[in-house]
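Number of protein chains: 2
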Amino acid sequence: METTPKKEIDDRIRKLQGKLKEKEIDVALITQNVDLFYFTGSCQKGHLVVPAEGEACYLVSKSLERAKRETPLSRVEYQQSFRQLPAMVHEIAGAAKKLGMELDVLPTALYFRYREAFAGSELVDISPQIRELRMFKSPYEIEIMKKGAEISHKMLRSVPQFLKAGKREIEFAADLEHLVRTLGHQGAVRMRQYNQEAFYGHLMSGANITFSTFFDGPTGGPGLSPAFPQGPGWKEIQKGDIVLVDYVIVYNGYCIDCTRVFCLGTPSRTLLKAHEDALLIHEEVIKAAKPGTPCSQLADLAFKMAKEMGYEENFMGYGSEKARFVGHGVGLELDELPVLTAKQHYPLAEGMVFALEPKILFKDTAIAGVENTVFFNGSNLEKITLYPEEIISI
Amino acid sequence: METTPKKEIDDRIRKLQGKLKEKEIDVALITQNVDLFYFTGSCQKGHLVVPAEGEACYLVSKSLERAKRETPLSRVEYQQSFRQLPAMVHEIAGAAKKLGMELDVLPTALYFRYREAFAGSELVDISPQIRELRMFKSPYEIEIMKKGAEISHKMLRSVPQFLKAGKREIEFAADLEHLVRTLGHQGAVRMRQYNQEAFYGHLMSGANITFSTFFDGPTGGPGLSPAFPQGPGWKEIQKGDIVLVDYVIVYNGYCIDCTRVFCLGTPSRTLLKAHEDALLIHEEVIKAAKPGTPCSQLADLAFKMAKEMGYEENFMGYGSEKARFVGHGVGLELDELPVLTAKQHYPLAEGMVFALEPKILFKDTAIAGVENTVFFNGSNLEKITLYPEEIISI
Numbered sequence: 222m223e224t225t226p227k228k229e230i231d232d233r234i235r236k237l238q239g240k241l242k243e244k245e246i247d248v249a250l251i252t253q254n255v256d257l258f259y260f261t262g263s264c265q266k267g268h269l270v271v272p273a274e275g276e277a278c279y280l281v282s283k284s285l286e287r288a289k290r291e292t293p294l295s296r297v298e299y300q301q302s303f304r305q306l307p308a309m310v311h312e313i314a315g316a317a318k319k320l321g322m323e324l325d326v327l328p329t330a331l332y333f334r335y336r337e338a339f340a341g342s343e344l345v346d347i348s349p350q351i352r353e354l355r356m357f358k359s360p361y362e363i364e365i366m367k368k369g370a371e372i373s374h375k376m377l378r379s380v381p382q383f384l385k386a387g388k389r390e391i392e393f394a395a396d397l398e399h400l401v402r403t404l405g406h407q408g409a410v411r412m413r414q415y416n417q418e419a420f421y422g423h424l425m426s427g428a429n430i431t432f433s434t435f436f437d438g439p440t441g442g443p444g445l446s447p448a449f450p451q452g453p454g455w456k457e458i459q460k461g462d463i464v465l466v467d468y469v470i471v472y473n474g475y476c477i478d479c480t481r482v483f484c485l486g487t488p489s490r491t492l493l494k495a496h497e498d499a500l501l502i503h504e505e506v507i508k509a510a511k512p513g514t515p516c517s518q519l520a521d522l523a524f525k526m527a528k529e530m531g532y533e534e535n536f537m538g539y540g541s542e543k544a545r546f547v548g549h550g551v552g553l554e555l556d557e558l559p560v561l562t563a564k565q566h567y568p569l570a571e572g573m574v575f576a577l578e579p580k581i582l583f584k585d586t587a588i589a590g591v592e593n594t595v596f597f598n599g600s601n602l603e604k605i606t607l608y609p610e611e612i613i614s615i
Numbered sequence: 222m223e224t225t226p227k228k229e230i231d232d233r234i235r236k237l238q239g240k241l242k243e244k245e246i247d248v249a250l251i252t253q254n255v256d257l258f259y260f261t262g263s264c265q266k267g268h269l270v271v272p273a274e275g276e277a278c279y280l281v282s283k284s285l286e287r288a289k290r291e292t293p294l295s296r297v298e299y300q301q302s303f304r305q306l307p308a309m310v311h312e313i314a315g316a317a318k319k320l321g322m323e324l325d326v327l328p329t330a331l332y333f334r335y336r337e338a339f340a341g342s343e344l345v346d347i348s349p350q351i352r353e354l355r356m357f358k359s360p361y362e363i364e365i366m367k368k369g370a371e372i373s374h375k376m377l378r379s380v381p382q383f384l385k386a387g388k389r390e391i392e393f394a395a396d397l398e399h400l401v402r403t404l405g406h407q408g409a410v411r412m413r414q415y416n417q418e419a420f421y422g423h424l425m426s427g428a429n430i431t432f433s434t435f436f437d438g439p440t441g442g443p444g445l446s447p448a449f450p451q452g453p454g455w456k457e458i459q460k461g462d463i464v465l466v467d468y469v470i471v472y473n474g475y476c477i478d479c480t481r482v483f484c485l486g487t488p489s490r491t492l493l494k495a496h497e498d499a500l501l502i503h504e505e506v507i508k509a510a511k512p513g514t515p516c517s518q519l520a521d522l523a524f525k526m527a528k529e530m531g532y533e534e535n536f537m538g539y540g541s542e543k544a545r546f547v548g549h550g551v552g553l554e555l556d557e558l559p560v561l562t563a564k565q566h567y568p569l570a571e572g573m574v575f576a577l578e579p580k581i582l583f584k585d586t587a588i589a590g591v592e593n594t595v596f597f598n599g600s601n602l603e604k605i606t607l608y609p610e611e612i613i614s615i
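Residue numbers (our numbering), protein chains in the order written: chain U, 222 to 615; chain H, 222 to 615.
Source of the hints: derived by calculation from the structure; they are not laboratory data.
A few of these clues could be false.
Chain copies aren't distinguished; within one or between two, either way the pair holds.
[Unchecked claim] Listed next, the in silico DSSO-like pairs over lysine-lysine satisfying Cα-Cα at most 27 Å (straight line): (1) 525 - 456; (2) 508 - 460; (3) 508 - 584; (4) 385 - 528; (5) 244 - 385; (6) 456 - 375; (7) 375 - 388; (8) 228 - 584.
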């Protein structure tokens, strides 16, 4: 099994230590699976203790043996119980006045437990710093994402083989899921935000495409029941239907997000025009992306173009349920930084990766647009997902 | 799409109000998707406000229209922003001295936000009360779980068709996943505990069966990479291999957990004996289960029997990585109450549902045992999963 190279892990920890010093935080105590994987190359149960200076130590309760095999860190120790933790952290990092934790994901009841255990320290949130570090992908990470994009490509290429009138959405979904699993999709799509969930993504046809739900994105979908209210439903795909395939691939932990639109027949002129317009927005955003361009500027450009083109009402969704962004960072989680929204001003810089998804909805009928995972190579945005972008008639 | 009957929802809310009164909590503010679904029949984005007395109100920001269609609650209102929330809660429930929230899942950073917004109230944890309510399934819920069990049954029956030497674990897994999706598996398997994750479950062969990981259970599995370190891996299934199929089915939100063991050839005598012994433990636990029997007593019985049979070392895992339980509640989440462990004394009562999974591991080779989802019908434990329990040779 591929493990993360030592250089990657060392770089990431060094950068985290830089952030800690900047914020005058004495030690970081990393607990969340995804962050543990990012900083250790393993996500076994335990804590990664990162002092602002000195060597990091991975304390593992289960499975120690596996963690040792997976991480290139040289300091990995057994943590038998929660009670031991304060003394172990003290031994590694000394007396900590400020202790950083991922308070955006750590449940409150656990926070109380840590606060009591570290009564002499102030617990502060280091999730903004971690999320900002993770916003920039290394060449190593980009290579993994390119492998994920190959799986996405093969999946999209297989659509004509599986997509038939008379099949239910869930049956068509199951066909694609089967294929991508055999190609190495890890299955689980992780999201960081509370209550956001995903299972592969959104695959819907006809009226179901604009079936709305809680999900923070332009589409939702009925799902199979109100208990998991998104994605494919029981609907039979009909001749003439537009079919949305917005399925996330996760390879070696990294998400690739790509959307294409299919049609069981010939799409209407209105839809073809909207699709052309969405592609134009997509290309203009890419052209406008220069080193240092604020993400907000790209979002403003997209929403402004859509409005001028006459899609103010239906660009990125409808009314109060509209998504307020035209792109979102992807990586180990599906909802990473940067978000391409009016309120987020991160300047474009090398290594940023996001899904750019200008989408135009047509209530109860269809959708136009694409989604590509793109990365900023230092001078411009490059597409990682390269499947043809036109609406594909089947 | 099936929606939850009004009587169910009314009963659940009435019982929650009973708990609130008992704890002198003025109002519950429910936020988590799964709990929202349980108490409203919908899990759209927002808050369910349950005053200790009076009518509950579901405040929804997205999608209001969908929430109204799905919930039988008569009071559903639009919540435009977080800022509006305190006034809306005040209007529904009056001045609240104590306000209950699900602090076991609510992230700390959000907790701070609520604490500030409800500065006049004390925020207390009502997750123990909610988890205890959800421990008891109604006949309506049991019926849904029985439908899930039928899908599980069909999946196990299909194993001989898909399980072949030379196939990779992930390929065999993809075959079963394809089948169960077309039968209505919602996909997502939810877990409540921080950092616990599942994707279908554990399906491994030969040496991979005892591949350990962070997961709180007797098995783990390699997964496809250290980024999601559990379940099927890339290993080719070999002639003679023991194959574990521990795949969760989720139908209309409810988990069914069932494990069976297969063999590509003839299992060893040692394994057959261990399997017989595990089945005996399973049957003795079922026999010992009477109204009021503490769950701890069932756990003690299982571990005691295993020890006497000579499996002290390898029952429910090895050494420090052993699972400390022999069963766990299942429902809308995979890790519900009751847990059959030495420390949990809930007395058996009508409606309790759990997965009973006595398992004996053989390092780097095999596993014996079964897992059934069972429910306490008021006088004894009844199996919901009914697939034949012997090791099936293929």
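Quick rundown of the hints versus the structure:
no. : hint      : in the structure
1   : 525 - 456 : neither (35 Å within a copy, 51 Å between copies)
2   : 508 - 460 : neither (37 Å within a copy, 56 Å between copies)
3   : 508 - 584 : neither (30 Å within a copy, 57 Å between copies)
4   : 385 - 528 : neither (35 Å within a copy, 56 Å between copies)
5   : 244 - 385 : neither (56 Å within a copy, 56 Å between copies)
6   : 456 - 375 : both (25 Å within a copy, 22 Å between copies)
7   : 375 - 388 : both (21 Å within a copy, 20 Å between copies)
8   : 228 - 584 : neither (50 Å within a copy, 33 Å between copies)
The structure fails hints 1, 2, 3, 4, 5, 8 (numbered hints given earlier, in ascending order).
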